[in-house]
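Protein chains: 2
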Amino acid sequence: MTYCVGMMLDRGLVMMSDTRTNAGVDNISTFKKLHVWEEPGERVLMLMSAGNLATTQAVVSTLDERTKAPQERAPSLLETPSMFQAAQLVAKTLKDVIAAHAEAGQNADSAFRATLIFGGQIAGSPPRLFLIYPEGNFIEAGDDTPFFQIGETKYGRPIIVRAYDRAATFEEALKLLLVSFDSTVKANLSVGLPFDYQLYTTDTYALGPKGRVKADDPYFRSISSAWGDKLKEALDSLPNFTLQA
Amino acid sequence: MTYCVGMMLDRGLVMMSDTRTNAGVDNISTFKKLHVWEEPGERVLMLMSAGNLATTQAVVSTLDERTKAPQERAPSLLETPSMFQAAQLVAKTLKDVIAAHAEAGQNADSAFRATLIFGGQIAGSPPRLFLIYPEGNFIEAGDDTPFFQIGETKYGRPIIVRAYDRAATFEEALKLLLVSFDSTVKANLSVGLPFDYQLYTTDTYALGPKGRVKADDPYFRSISSAWGDKLKEALDSLPNFTLQA
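Taken in order, these protein sequences are the chains called A and B.
Note that the numbering used here has the first sequence beginning at 1, numbered continuously upward.
Note that the numbering used here has the second sequence beginning at 1, numbered continuously upward.
Hints in this document: simulated from the structure, not taken from any laboratory.
Be aware that one or more of the hints could be misleading.
Result set (PhoX-like, lysine-lysine): computed pairs, CA atoms no more than 25 Å apart in a straight line [to be verified]:
1. Lys210(A) with Lys32(A)
2. Lys92(B) with Lys68(B)
3. Lys32(B) with Lys210(B)
4. Lys68(B) with Lys32(B)
5. Lys232(A) with Lys186(B)
6. Lys92(A) with Lys32(A)
7. Lys186(A) with Lys232(B)
8. Lys232(A) with Lys232(B)
9. Lys32(A) with Lys95(A)
10. Lys186(A) with Lys186(B)
11. Lys68(A) with Lys186(A)
12. Lys32(B) with Lys232(B)
Based on the sequences and whatever the hints tell you, model everything.
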């Protein structure tokens with residue numbers, strides 16, 4: 001499993017992913033699931049993936065290859081004129097990779113599936129954020145649904161639904177995400193630290209701060225333990241149920 | 001889907017279930033998923049179900065039938081000498097019902113599956129709480145895992161994991177469960193109000209208070225709206241993430 005969240009704020013985009021991959025609970029590894037492309041002053045693209053690791057790595061490598069050799073750039077992620085067309089390119093690449101491997105075995109395509117969160121900004125339009133399905137279609141975040149989750153989405157969802165604020169600072173958004181990730185890690189062994197994050201500030205056309213939150217990160221450890229206490233305090237402060245006699 | 005939680009406390013057992021059943025989002029109904037049997041002074045048994053409604057109703061009806069006609073009581077839920085044997089009886093009934101309908105169609109058994117939470121007390125031993133799988137086997141709650149969830153368990157799990165306290169009063173436990181149910185209802189359309197609850201105080205051998213929390217219940221509405229504010233306050237009170245320059 002995996003847990004990734006992509007979030008739109010007034011000031012830009014926030015991407016956070018865990019790094020655990022597993023083939024059974026006795027075969028776990030750490031892999032980067034957050035990938036970026038940048039053409040300073042013109043575009044920033046960010047991609048996170050959940051699903052089959054071979055598929056997601058093939059998608060990223062295929063997209064990467066096309067950005068490196070100028071004569072093979074068409075179509076390249078660094079040349080698409082809009083975020084919509086960039087999303088189409090990523091989606092088609094994903095669909096093609098899954099289809100290529102599905103041929104190997106009957107009914108095997110489901111095992112090669114992956115889901116992506118893709119966001120960024122290309123000069124001329126505002127930042128956009130997409131959720132790309134293994135079928136190659138996608139949906140876009142908007143005012144009503146300003147964030148996407150992929151992977152093990154359920155444990156960490158209630159806190160985001162309750163506390164998301166599009167006017168939040170990046171620091172507040174990262175705190176919210178770490179609480180959401182902490183709830184997920186506590187419940188699902190296949191989601192694990194370290195967590196990677198990448199920020200993007202609207203209209204900068206350059207990658208913002210990024211980082212990796214490791215298991216021994218003192219801030220994360222303090223948030224994780226303080227959150228349990230705060231939840232209990234919050235619950236205690238609500239009036240108790242009254243049983244009818 | 002469904003959401004049910006059975007919880008062991010020092011003072012007894014708490015059971016809570018939602019009441020929504022659905023065959024597609026356009027075909028929803030309200031059904032009781034919490035069933036009880038009582039032999040005052042001697043035993044109290046409580047059962048909650050998640051899964052195929054025909055299966056769970058057949059299980060309850062079969063168990064019920066056997067308690068009504070004295071000459072057909074063997075084996076009856078009201079005569080098993082221990083909670084363990086009562087759980088075995090419920091589990092076997094569940095497995096038999098699934099098997100009987102699975103014959104109707106190849107691969108159809110998965111569609112007839114159900115999972116149960118079964119708890120209570122029979123004179124001579126302490127209260128016990130079981131999670132019964134569709135395969136007819138089961139596990140028992142203990143000090144390390146003092147509660148069971150079935151159905152849509154994920155959204156509402158983090159708050160229970162963080163705030164469960166086995167010394168809690170029934171009123172505190174019901175508050176915790178309503179917060180957990182509220183998080184689930186907000187995220188999954190197939191879990192819905194009203195919620196049924198049933199309490200049992202250890203060594204009373206009589207059913208405790210029970211009730212139904214409806215969508216317009218003023219206490220539930222106040223908890224639901226206050227909880228969002230409390231969560232935001234709790235998050236605000238944590239220190240923000242610090243971005244490295």
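- prompt: Can you list which hints this structure breaks, lowest number first?
  reply: Hint check: 11, 12 fail, others pass.
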